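Undergrad: Sequence:
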Amino acid sequence: MIYEQSLLIGHSKIRIKSDKEKPIYEAIKEIKRHIRELSVYIKSNPFFQFSLKPLEMDYKAPLIVQRMIEASKTAGVGPMASVAGAIADLGLETLLRMDAKVAVVEDGGEISAFTSNKNILISILTSESTLSGKIGFLVTSKDSPLGIGTSTGKTDRTVSFGEADSVTIVADNAALADAAATAVCNTIVGPNIEKSISEGLEKAKNIKGVRGALIVREGRIGLMGKLPKIIKIKGRA
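First residue of the sequence shown? That's 1 in the working numbering, and the numbers climb one at a time after it.
Worth flagging that the hints you see were computed from the coordinates, not collected in a lab.
Computed from a predicted model, the values in this text were never measured in an experiment.
Fair warning: there could be bad hints in the mix.
To be verified - So the derived label-pair ranges between C-beta atoms look like this: (1) 189 <-> 43: 33 to 39 Å; (2) 33 <-> 194: 41 to 47 Å; (3) 3 <-> 37: 34 to 40 Å; (4) 53 <-> 195: 22 to 28 Å; (5) 193 <-> 37: 39 to 45 Å; (6) 233 <-> 46: 39 to 45 Å; (7) 202 <-> 2: 36 to 42 Å.
Said to hold, decoys possible - Okay, derived cross-link-like pairs now, SDA-like style, lysine to any residue, Cα gap no bigger than 25 Å in a straight line: (8) 134 <-> 232; (9) 29 <-> 136; (10) 142 <-> 223; (11) 232 <-> 221; (12) 17 <-> 141; (13) 29 <-> 51; (14) 208 <-> 189; (15) 232 <-> 62; (16) 20 <-> 136; (17) 22 <-> 134; (18) 234 <-> 135; (19) 118 <-> 145; (20) 118 <-> 5; (21) 101 <-> 143; (22) 13 <-> 131; (23) 43 <-> 11; (24) 234 <-> 22; (25) 208 <-> 43; (26) 232 <-> 145; (27) 32 <-> 93; (28) 53 <-> 205; (29) 205 <-> 229; (30) 53 <-> 66; (31) 43 <-> 33; (32) 101 <-> 21; (33) 73 <-> 62; (34) 17 <-> 142; (35) 234 <-> 1.
All C-beta atoms in this analysis are idealised placements derived from N, C-alpha and C, irrespective of residue type, glycine included.
Could you build all of it, start to finish, from the sequences and the hints given here?
TA: Structure (structure tokens):
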């Protein structure tokens with residue numbers, strides 16, 4: 001049996017799944033704590049929230065801030081590009097400390113996942129309507145743990161300078177996947193669709209810790225690296 005909880009914490013839209021119920025509530029408590037600590041840090045360091053470039057590590061900062069700085073520096077973007085992924089990672093770590101065998105934490109589409117005994121299907125979302133929600137990654141124990149981050153240049157919900165319908169990154173953790181998706185999406189510009197996708201894939205290849213990438217733009221798809229198995233989601237036309 002898989003238990004699930006969804007809730008809104010500030011700007012974070014959290015969804016947690018696990019084979020054990022009690023760890024979910026502990027993960028929620030920990031996520032709330034990390035979000036509070038981040039909020040306090042930002043009030044004292046407002047530049048952190050608005051920087052579009054990597055910042056130097058602050059070893060006195062809360063753990064979530066350090067995770068964001070580390071991931072964003074690896075990807076070459078500002079620290080807030082990794083906030084949702086970092087929250088997902090910290091929630092997952094709580095589940096695993098409490099011996100969850102299946103654990104998925106999502107914050108607004110950024111996902112941190114682990115499974116030791118049951119395959120997990122994670123839907124791939126994109127602003128390209130012919131694909132969105134109709135294909136997904138089948139995550140196995142061999143893939144675990146992993147992070148999945150998605151960025152798009154087609155909505156105003158996030159800061160992106162790219163033109164991709166979606167960039168989905170699979171990485172060692174969700175903070176890095178989140179930051180890398182932003183970095184890669186930012187490179188996908190210009191009228192030459194295929195060239196822009198190739199440049200995005202090359203960018204992804206050069207970010208340490210990125211395992212693979214899936215880029216969608218104007219009906220064209222580019223793949224790179226080692227991705228979980230991609231399957232069609234049943235019931236979706």
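Undergrad: Are the hints correct? Go through all of them and say.
TA: Consistency of the hints with the structure:
The supplied range of 33 to 39 Å is met by residue 189 and residue 43, whose beta-carbon atoms lie about 35 Å from each other. Our hint of 41 to 47 Å for residue 33 and residue 194 holds, since their Cβ atoms are close to 46 Å apart. For the pair residue 3 and residue 37, the beta carbons lie near 26 Å from each other, so the given range of 34 to 40 Å is not met. For residue 53 and residue 195, the hinted distance range of 22 to 28 Å is satisfied, since their beta carbons lie about 26 Å from each other.
Taken as a hint, the range 39 to 45 Å holds for the pair residue 193 and residue 37, whose Cβ atoms sit roughly 42 Å apart. Here the CB-CB span from residue 233 to residue 46 is close to 42 Å, well matched to the stated 39 to 45 Å. Distance hint check for residue 202 and residue 2: the Cβ-Cβ separation is about 38 Å, which falls inside the suggested range of 36 to 42 Å. With a CA separation close to 6 Å, the supplied pair residue 134 and residue 232 stays within the 25 Å bound.
A threshold of 25 Å between alpha carbons decides the hint, and for residue 29 with residue 136 the separation of about 29 Å lies outside it, so the pair is violated. With a C-alpha separation of about 20 Å, the suggested pair residue 142 and residue 223 falls inside the 25 Å cut-off, and the hint holds. A threshold of 25 Å between alpha carbons decides the hint, and for residue 232 with residue 221 the separation of about 15 Å falls inside it, so the pair holds. Between residue 17 and residue 141 the alpha-carbon distance is near 16 Å, which keeps this suggested pair within the 25 Å criterion.
Restraint check for residue 29 and residue 51: not satisfied, since their Cα atoms lie roughly 28 Å apart, outside the 25 Å limit. As the CA atoms of residue 208 and residue 189 are separated by approximately 23 Å, the hinted pair is consistent with the 25 Å bound. A distance of roughly 40 Å separates the Cα atoms of residue 232 and residue 62; the hinted pair therefore is violated under the 25 Å criterion. With a C-alpha separation of about 24 Å, the suggested pairing of residue 20 with residue 136 holds against the 25 Å cut-off.
With a C-alpha separation of about 32 Å, the suggested pairing of residue 22 with residue 134 is violated against the 25 Å cut-off. Taking the CA atoms of residue 234 and residue 135, the gap is about 9 Å. The hint holds against a cut of 25 Å. This hinted pair checks out: residue 118 and residue 145 have alpha carbons roughly 13 Å apart, not beyond 25 Å. About 19 Å separates the Cα atoms of residue 118 and residue 5, which keeps this hinted pair within 25 Å; it holds.
Annotation: proposed proximity of residue 101 to residue 143 holds, straight-line Cα distance about 14 Å (limit 25 Å). With a C-alpha separation of about 23 Å, the suggested pairing of residue 13 with residue 131 holds against the 25 Å cut-off. Annotation: proposed proximity of residue 43 to residue 11 holds, straight-line Cα distance about 16 Å (limit 25 Å). Simply put, residue 234 and residue 22 have alpha-carbon atoms about 31 Å apart, too far for the 25 Å limit, and the pair is violated.
With a CA separation close to 31 Å, the supplied pair residue 208 and residue 43 exceeds the 25 Å bound. Our distance criterion of 25 Å between C-alpha atoms is met by residue 232 and residue 145, whose separation comes to about 22 Å. Annotation: proposed proximity of residue 32 to residue 93 holds, straight-line Cα distance about 14 Å (limit 25 Å). A threshold of 25 Å between alpha carbons decides the hint, and for residue 53 with residue 205 the separation of about 20 Å falls inside it, so the pair holds.
Distance check on the hinted pair: residue 205 and residue 229 sit about 19 Å apart at the alpha-carbon level, within 25 Å; holds. The straight-line distance between the Cα atoms of residue 53 and residue 66 is roughly 15 Å, inside the 25 Å bound, and the hint therefore holds. Simply put, residue 43 and residue 33 have alpha-carbon atoms about 16 Å apart, close enough for the 25 Å limit, and the pair holds. In summary, the hint linking residue 101 to residue 21 is supported, as the alpha carbons are separated by about 12 Å, within the 25 Å threshold.
Annotation: proposed proximity of residue 73 to residue 62 holds, straight-line Cα distance about 17 Å (limit 25 Å). For the proposed pair residue 17 and residue 142, the alpha carbon gap of about 19 Å is at most 25 Å, so the pair holds. Under the criterion of a C-alpha separation no larger than 25 Å, the hint pairing residue 234 with residue 1 is consistent with the structure, at around 20 Å.
Violated hints for the displayed structure, listed by number in ascending order: 3, 9, 13, 15, 17, 24, 25.
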